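Which chain is which? The protein sequence lines are A and B, in order.
Take the first sequence: its letters are residues 39 to 138, numbered as in the numbering used here.
Take the second sequence: its letters are residues 385 to 656, numbered as in the numbering used here.
Everything labelled a hint here was simulated from the structure, so no lab data went into it.
Everything numeric in this text was worked out from a predicted model, so none of it was measured.
Every residue, glycine too, gets a C-beta built ideally from N, C-alpha and C.
Be careful, since some hints might not be right.
Stated by the list, open to error - Computed footprint of chain B on chain A, listed as stretches where at least three residues anywhere in the stretch have a Cβ under 8 Å from a Cβ of chain B: (1) 64 to 77; (2) 84 to 97.
Said to hold, decoys possible - Okay, derived cross-link-like pairs now, EDC-like style, lysine to aspartate or glutamate, Cα gap no bigger than 20 Å in a straight line: (3) A:K128 x A:E110; (4) B:K521 x A:D114; (5) B:K521 x B:E536; (6) B:K521 x A:D115; (7) B:K449 x B:D500; (8) B:K449 x B:E497; (9) B:K521 x A:D117; (10) A:K128 x A:D75; (11) A:K113 x A:D64.
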Amino acid sequence: MNMTTVEVLPTTRASGPGTVSFTARDIAGLNEITVTDMPGAAPVGDVARSLANRLNLPTDVPWSLRNDRSGEYLKDDADLASQVPEAGAKFTITPRTHLG
Amino acid sequence: MTTPITALMRGPLCERDAMLHRRGFDRCDDGWRRNGLEFRIAGSWLQFETAWPDNADPLSDHLGKPGLWKPVRVGHQLRRIFTVQESALSEGADALDETDRSSFESVLDWAAETADGAAPVGWALPERDTIDAYLPKTRLTIVQHSFTRQVELIHATGRLALRVSLLSNLPVELPASRLSWLREMLLEAQDENHLVRLGLTHDRGQSAVVVEIDLTGVPAALLQPMLSTSLDALRWVACQLVESVDFIAEAGTVSRALEICPVTQPNPSGEP
Numbered sequence: 039m040n041m042t043t044v045e046v047l048p049t050t051r052a053s054g055p056g057t058v059s060f061t062a063r064d065i066a067g068l069n070e071i072t073v074t075d076m077p078g079a080a081p082v083g084d085v086a087r088s089l090a091n092r093l094n095l096p097t098d099v100p101w102s103l104r105n106d107r108s109g110e111y112l113k114d115d116a117d118l119a120s121q122v123p124e125a126g127a128k129f130t131i132t133p134r135t136h137l138g
Numbered sequence: 385m386t387t388p389i390t391a392l393m394r395g396p397l398c399e400r401d402a403m404l405h406r407r408g409f410d411r412c413d414d415g416w417r418r419n420g421l422e423f424r425i426a427g428s429w430l431q432f433e434t435a436w437p438d439n440a441d442p443l444s445d446h447l448g449k450p451g452l453w454k455p456v457r458v459g460h461q462l463r464r465i466f467t468v469q470e471s472a473l474s475e476g477a478d479a480l481d482e483t484d485r486s487s488f489e490s491v492l493d494w495a496a497e498t499a500d501g502a503a504p505v506g507w508a509l510p511e512r513d514t515i516d517a518y519l520p521k522t523r524l525t526i527v528q529h530s531f532t533r534q535v536e537l538i539h540a541t542g543r544l545a546l547r548v549s550l551l552s553n554l555p556v557e558l559p560a561s562r563l564s565w566l567r568e569m570l571l572e573a574q575d576e577n578h579l580v581r582l583g584l585t586h587d588r589g590q591s592a593v594v595v596e597i598d599l600t601g602v603p604a605a606l607l608q609p610m611l612s613t614s615l616d617a618l619r620w621v622a623c624q625l626v627e628s629v630d631f632i633a634e635a636g637t638v639s640r641a642l643e644i645c646p647v648t649q650p651n652p653s654g655e656p
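Chain B on its own, in the form it takes in the complex (with noise of 0.2 Å):
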């Protein structure tokens, strides 16, 4: 006799929809809601979702940020989204030992806490040792045909992040049109793929094109799982973009689609 898949996953849902309701969450049309703060299960991913500002730039203002905080378009508004693949809860889990916290009450509260723009209080920054060992070093280089790009790891006080430099800088004569066909590049980008942030560094003068992930404030129990697919998603869009940024960069790059602005396409899903 075989027991149902569905039968098998009762039991975590149940758990799960517990720890909601103990947390204050009240069930939604599709999830949950506590104040501004949703959450939802989309695919195979657990996404909470705020609200993104008025007038903030979803290419520069979410930088920086601790957390997997990012905006995303929904149809014409932007949204605010934290989204951890579900897969990582379980490889974590068997980190746990029975005084923890369950792998999803973690990563509630990490995105819960993170959604003010602070770190965690009482977050402890993992040993650099630590995620050396988790992070290959022939793995932080990326090569794509002539194009090569290093992933940098941020580890500093209250801050755990890894961020690749696609072009580190960005012509200050470039046109306007460009411009536009840039953000609109890394805006599409940063739609459709999870965990990624993308947009513009400003620094003495000098702009620079980057990709970040900021796992400040992850839960001990999953820092091997966030980093090593972190890792995996930064190389995937470093590859796929930084042919095409250069290419936009390149002042002797001579294309007449590019003298005309982009038509700014709405993300109808609204998910990455």
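Chain A extracted, bound-state conformation (with noise of 0.2 Å):
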């Protein structure tokens, strides 16, 4: 049987303000990443690319964030902060393939 395991990668440091705070982890569940300096003012499409690249997930795609609680993707065009109304969020990051 194969085991996966998940690979915390190391956190970052504390946060400052404006800045929002979440998990992500990829889609196969292998590297998840707690992500505390993130500026609420990005749009989701640029901090999506910033985290695959965290990530070390192919920078050449486009990839999308998913709200692990509620099964939506967040708009790529609007700023992170506007949809991340709960602390302790937890996001998937996904190819961007949802869009046709």
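Assembly of the complex is requested from the two constituent chains, each provided in isolation within its own frame, with the hints serving as guidance.
As structure tokens, this is what we get:
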């Protein structure tokens, strides 16, 4: 039986003003990262791009963020803070194929 | 028959010299001087210069001050400079009408009036809608590999600036040698890059590493070219530094080189 392990990447430092904290993982659940320093005003599309880099995912494909709690995809062009209402949000970073 | 370039430039140069003379500047070795304020052409930049106060910290005491003034190391001493790209003047000239001051005159006033650390009297803060039209929202977010940073627009009474927080919370337990490396890197970047100020802010027990350009007092005719140039400069410097700043400030980073205090290198040319 194959075992999969979740690799928890190094946690970033404590957050500053105007930043958003959340946990993100790749779609296979192999890597998970706690982010505490993401600018809340950054568009979700840019956030997903940098997270893909941080999680060592290919950067030549577009990525989206899905809220694990609600199952909804975040809007790429809207700012992150407006779409993260709860503390301790958890996202899954997925290839942007659902938009057709 | 073609007109020599020197002949085409003579007109504006004569006007500039006449303007400086009328404003009480005297010729000196490589430029003009009035009391403690110097002016010279540095490549494609107009450069104003004054003394940097003794004992002032070049990584904190200049932050938040109005205008483009910033410290630069000249040899082993610090000078305070204010630079504007000459091409911005020609772009701004299109927005002038007959009653306005010339672009150079408005820059001269901007530098002189902010040299004392105060916003120019009577300066009107540009409308937010106007600024937003000149700053594409998509360019306010900086993504450099795994790092995301946001350009913050400071638009308040008597203050107009762009600022990026490279690191929002510098660890308080950062060893002295690491802090020395960080300071040296920021000073070097501040020396080498026009317009940008770098430094450390302290607020409610948190220290942050920031890069900013303060446009308080910018003449209305130069608003568009200065905003555009400033955003480019901020993005460039942020992309250059964000990973290194994070590396130095990361407690988990193990590096024997970082345990050794850096040797301060003087800036031989004295130009950014």
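So, going through the hints one by one against the coordinates:
Counting residues of the region 64 to 77 of chain A whose beta carbon lies closer than 8 Å to any beta carbon of chain B gives 3, which meets the minimum of three for the stated coverage. Under a criterion of three residues with beta carbons nearer than 8 Å to beta carbons of chain B, the stated coverage of the region 84 to 97 of chain A is upheld, 7 such residues being counted. Restraint check for K128 (chain A) and E110 (chain A): satisfied, since their Cα atoms lie roughly 12 Å apart, inside the 20 Å limit. About 14 Å separates the Cα atoms of K521 (chain B) and D114 (chain A), which keeps this hinted pair within 20 Å; it holds.
Taking the CA atoms of K521 (chain B) and E536 (chain B), the gap is near 11 Å; set against the 20 Å cutoff, the hint holds. Between the alpha carbons of K521 (chain B) and D115 (chain A) the distance comes to roughly 10 Å, so the proposed pair stays at or under 20 Å and holds. At roughly 10 Å between alpha-carbon atoms, K449 (chain B) and D500 (chain B) fall within 20 Å of each other, so this suggested pair holds. Note on K449 (chain B) and E497 (chain B): the hinted pairing holds, with a Cα-Cα distance of about 12 Å set against a maximum of 20 Å.
Note on K521 (chain B) and D117 (chain A): the hinted pairing holds, with a Cα-Cα distance of about 11 Å set against a maximum of 20 Å. For the proposed pair K128 (chain A) and D75 (chain A), the alpha carbon gap of about 15 Å is at most 20 Å, so the pair holds. Between K113 (chain A) and D64 (chain A) the CA atoms are separated by roughly 18 Å; this keeps the pair inside 20 Å, and the hint holds.
Every hint, counting from the list given before, is met by this structure.
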